[in-house]
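Put together the whole structure using the sequences plus the hints.
Residue numbers (the numbering used here), protein chains in the order written: chain A, 1 to 112; chain B, 1 to 112.
It should be emphasised that the hints constitute simulated quantities derived from the structure, not laboratory data. Incorrect hints may have been included.
Said to hold, decoys possible - List of simulated lysine-lysine pairs, DSS-like, C-alpha gap at most 25 Å:
| id | chain 1 | residue 1 | chain 2 | residue 2 |
| --- | --- | --- | --- | --- |
| 1 | B | K26 | B | K70 |
| 2 | B | K26 | B | K104 |
| 3 | B | K104 | A | K9 |
| 4 | B | K56 | B | K104 |
| 5 | B | K69 | B | K56 |
| 6 | A | K57 | B | K104 |
| 7 | B | K56 | B | K26 |
| 8 | B | K70 | B | K56 |
| 9 | B | K56 | A | K57 |
The structure displayed is predicted, hence computed values, not measured ones.
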Amino acid sequence: DSGVTQTPKHLITATGQRVTLRCSPRSGDLSVYWYQQSLDQGLQFLIQYYNGEERAKGNILERFSAQQFPDLHSELNLSSLELGDSALYFCASNRELQETQYFGPGTRLLVL
Amino acid sequence: SQQGEEDPQALSIQEGENATMNCSYKTSINNLQWYRQNSGRGLVHLILIRSNEREKHSGRLRVTLDTSKKSSSLLITASRAADTASYFCATVETGANSKLTFGKGITLSVRP
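As structure tokens, this is what we get:
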């Protein structure tokens, strides 16, 4: 158990819908990262927050957004969902930047 | 985009044998990390090696890093059936960005 929690574990929805994925980092970790894992793209970095502020952006679609709240939990919002958005979404956290990232169990999203 | 290229893509060995997995990357790095993923589950951090380190050990794991060749290897000694999983190398590039850039992964099967 990494100490990072993600909810929900599974999500099934329809195209065009909007979903919110939630992540609670390990106690004391200020940085949260979001990654997407799909069969065709592999593991891709989406976005990073540090102590409430966006720090880095990767291959994140404009339909996707994220935020980190004062209690340091983070949410990833996916809207206007397409079939190709079906993937595993992981969040990770760490205390010191550029050090080990601890991953949550992921949210498996299926868009039908 | 993915930076790491693991080799081989798949490896099948007998329990008790050693497994060697290789990773190459393209840019200058701060550190390189190896992760394990059991069938569609979360990523488990195995080991981190910094750019100024050449070799690191952790239990049955041995990691080497050759920054001149931009490559790393992960050796698992005396493999067990429970080592069956996908293994990913991930790099943190030099600079302020602390995101992980993953390779495509190696599927290791350890036959009992």
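For each hint, the structure was consulted:
1. B:K26 with B:K70: holds (7 Å)
2. B:K26 with B:K104: At roughly 14 Å apart (the allowed maximum being 25 Å), K104 (chain B) and K26 (chain B) satisfy the hint.
3. B:K104 with A:K9: This hinted pair holds, its Cα atoms lying about 23 Å apart.
4. B:K56 with B:K104: At roughly 23 Å apart (the allowed maximum being 25 Å), K104 (chain B) and K56 (chain B) satisfy the hint.
5. B:K69 with B:K56: Holds. K69 (chain B) to K56 (chain B) sits at ~17 Å (cutoff 25 Å).
6. A:K57 with B:K104: holds (20 Å)
7. B:K56 with B:K26: Cα-Cα ~21 Å, so holds.
8. B:K70 with B:K56: Since the Cα atoms of K70 (chain B) and K56 (chain B) sit roughly 16 Å apart, the hinted pair holds (cutoff 25 Å).
9. B:K56 with A:K57: violated (31 Å)
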